[in-house]
Amino acid sequence: MSFTREQLESAMSEKLSKSDTIKLRNKHIGQACQLFYRSDPLKIVRGQGQYMFDEMGTRYLDCINNVAHVGHCHPKVVRAGSLQMATISTNNRFLHDELVQCAKTLTSKMPGDLSVCFFVNSGSEANDLALRLARNYTKRRDVITLDHAYHGHLTAVMEVSPYKFNQPGGEPKPDYVHVAPCPDVYRGKYVDKEHPGEDMAELYCAPIVEVCKKLQAQGKGVAAFIAESLQSCGGQIIPPAGYFRAVYDAVHAAGGLTIADEVQVGFGRVGTHYWAFETQDVVPDIVTVAKPMGNGHPVGAVVTTPEIAHAFYATGVAYFNTYGGNPVSCAIANAVMRVIEEEGLQENARSVGDYLLKKCLEFSKEFDIIGDVRGVGLFVGIELVKNRETREPDTKSAHWVVNRMKSLHKVLVSSDGPNDNVIKLKPPMCFNQENADQFLQAFRECLAMLVKEGNDAHFMVGADAEQNTSTMFENRQRLIKSS
Numbered sequence: 005m006s007f008t009r010e011q012l013e014s015a016m017s018e019k020l021s022k023s024d025t026i027k028l029r030n031k032h033i034g035q036a037c038q039l040f041y042r043s044d045p046l047k048i049v050r051g052q053g054q055y056m057f058d059e060m061g062t063r064y065l066d067c068i069n070n071v072a073h074v075g076h077c078h079p080k081v082v083r084a085g086s087l088q089m090a091t092i093s094t095n096n097r098f099l100h101d102e103l104v105q106c107a108k109t110l111t112s113k114m115p116g117d118l119s120v121c122f123f124v125n126s127g128s129e130a131n132d133l134a135l136r137l138a139r140n141y142t143k144r145r146d147v148i149t150l151d152h153a154y155h156g157h158l159t160a161v162m163e164v165s166p167y168k169f170n171q172p173g174g175e176p177k178p179d180y181v182h183v184a185p186c187p188d189v190y191r192g193k194y195v196d197k198e199h200p201g202e203d204m205a206e207l208y209c210a211p212i213v214e215v216c217k218k219l220q221a222q223g224k225g226v227a228a229f230i231a232e233s234l235q236s237c238g239g240q241i242i243p244p245a246g247y248f249r250a251v252y253d254a255v256h257a258a259g260g261l262t263i264a265d266e267v268q269v270g271f272g273r274v275g276t277h278y279w280a281f282e283t284q285d286v287v288p289d290i291v292t293v294a295k296p297m298g299n300g301h302p303v304g305a306v307v308t309t310p311e312i313a314h315a316f317y318a319t320g321v322a323y324f325n326t327y328g329g330n331p332v333s334c335a336i337a338n339a340v341m342r343v344i345e346e347e348g349l350q351e352n353a354r355s356v357g358d359y360l361l362k363k364c365l366e367f368s369k370e371f372d373i374i375g376d377v378r379g380v381g382l383f384v385g386i387e388l389v390k391n392r393e394t395r396e397p398d399t400k401s402a403h404w405v406v407n408r409m410k411s412l413h414k415v416l417v418s419s420d421g422p423n424d425n426v427i428k429l430k431p432p433m434c435f436n437q438e439n440a441d442q443f444l445q446a447f448r449e450c451l452a453m454l455v456k457e458g459n460d461a462h463f464m465v466g467a468d469a470e471q472n473t474s475t476m477f478e479n480r481q482r483l484i485k486s487s
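Quick note: the sequence shown uses this note's numbering, first residue 5, plus one each step.
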């Protein structure tokens, strides 16, 4: 199903003005629900492929929306959802083909014995259920997580998300949650320049081994180790080679299960593999997926082994999720997985990602503000620093770049990491080399302006950042024309 431009414009014309939308949001939406670009939020009314459009028709290149995995409003995905919605949408306690076909396709992409699915609505639900499965199977409670990790907003997963509970006002960490260092070789507990020639995987695995030994000595043991296959909110972290293999061995030796959180990075984003954990040559006991699975539609799943699934069934407590696995969600997920294959999006992620990384590494030779460039496929992080030797994070410049990219270049990026100084790229998988060049041209202009203006550029950071950025650009253009 598709709509004409006249229909789209008619629908948009019936919407509120941006100022009215802001007023209603401020009145009726909880203040804890924050917006991107809070000083001048975007009102996005339409999406197509790797682009989003505001109420004025301005087009923005979307470099951050990994939810719209195969592109905003992909016609095949829209059609699949529309047709199924027009047929029937009910819960999964009735038989329907979209559910079993989705499970069949999803598990066919998994290695090892990962062959049983539980369908949910979100990554938060998926990780919550994964913890339940692990605790039920092991009859233990203690969980090992990584510093700066984020696994969702439900109570159980907030408890294993230092990215949230370490913030001011966060709930105290429960005693049964154990936080190991994030395997960040650039800024973590063990950094490459201080341990030349050493096995970074072994260094970062050692604290987990210690936690396992301590719990065993207390007669507790480990229920689970949970980790994002690549940390996103933690700053686009790529673990050292061999890290997960060493960790999984240690956790299994302590009787625990391993959970791979693929909510941010699954479905071919890394390019070389369908799942990011495969880059480390490991097979988890439980895998959680969501966001990209539905291309913006709320659908997710937990995939595990028959043995773990049967132990959950044997409790006698049925698992029921009203909307998880409904026909519409599954039809959309099936369409997404077909599009990934038909359009070669995994290979696109590999080739465009390689190009993007290569060019950003070239920038790092030109601009000292770039401390590190890391990534795989269409998952890239560029860390900005004040001093390369000390690696002091440059948070202010990162914020300035994010605002300038949006207001001046119409390119949407974000910043994250413990110091909020890492420029994040995780665009829709249809992102192509032309899009990469658009980003690179805009990003290079921002870096060059920072070098040219120095600290003066930072007056634009704050409530008036975007307006000041545009004003500065307009003034420069007037000077150019008058000279």
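Hints in this document: simulated from the structure, not taken from any laboratory.
Please note that a few of the clues may not be correct.
With a straight-line cut-off of 30 Å between C-alpha atoms, the simulated DSBU-like cross-links for lysine-lysine are [as the list claims (entries may be wrong)]:
{"#": "1", "residue 1": "K31", "residue 2": "K47"}
{"#": "2", "residue 1": "K168", "residue 2": "K400"}
{"#": "3", "residue 1": "K19", "residue 2": "K31"}
{"#": "4", "residue 1": "K369", "residue 2": "K390"}
{"#": "5", "residue 1": "K390", "residue 2": "K168"}
{"#": "6", "residue 1": "K143", "residue 2": "K168"}
{"#": "7", "residue 1": "K400", "residue 2": "K369"}
{"#": "8", "residue 1": "K47", "residue 2": "K400"}
{"#": "9", "residue 1": "K414", "residue 2": "K369"}
{"#": "10", "residue 1": "K218", "residue 2": "K193"}
{"#": "11", "residue 1": "K362", "residue 2": "K390"}
{"#": "12", "residue 1": "K80", "residue 2": "K47"}
Evaluated hints:
1. K31 - K47: holds, 17 Å
2. K168 - K400: holds, 21 Å
3. K19 - K31: holds, 18 Å
4. K369 - K390: holds, 15 Å
5. K390 - K168: holds, 26 Å
6. K143 - K168: holds, 27 Å
7. K400 - K369: Holds. K400 to K369 sits at ~21 Å (cutoff 30 Å).
8. K47 - K400: Measuring from Cα to Cα gives roughly 25 Å; hence the hint holds.
9. K414 - K369: holds, 26 Å
10. K218 - K193: holds, 20 Å
11. K362 - K390: holds, 22 Å
12. K80 - K47: holds, 25 Å
Hint compliance for this structure: no hint is broken.
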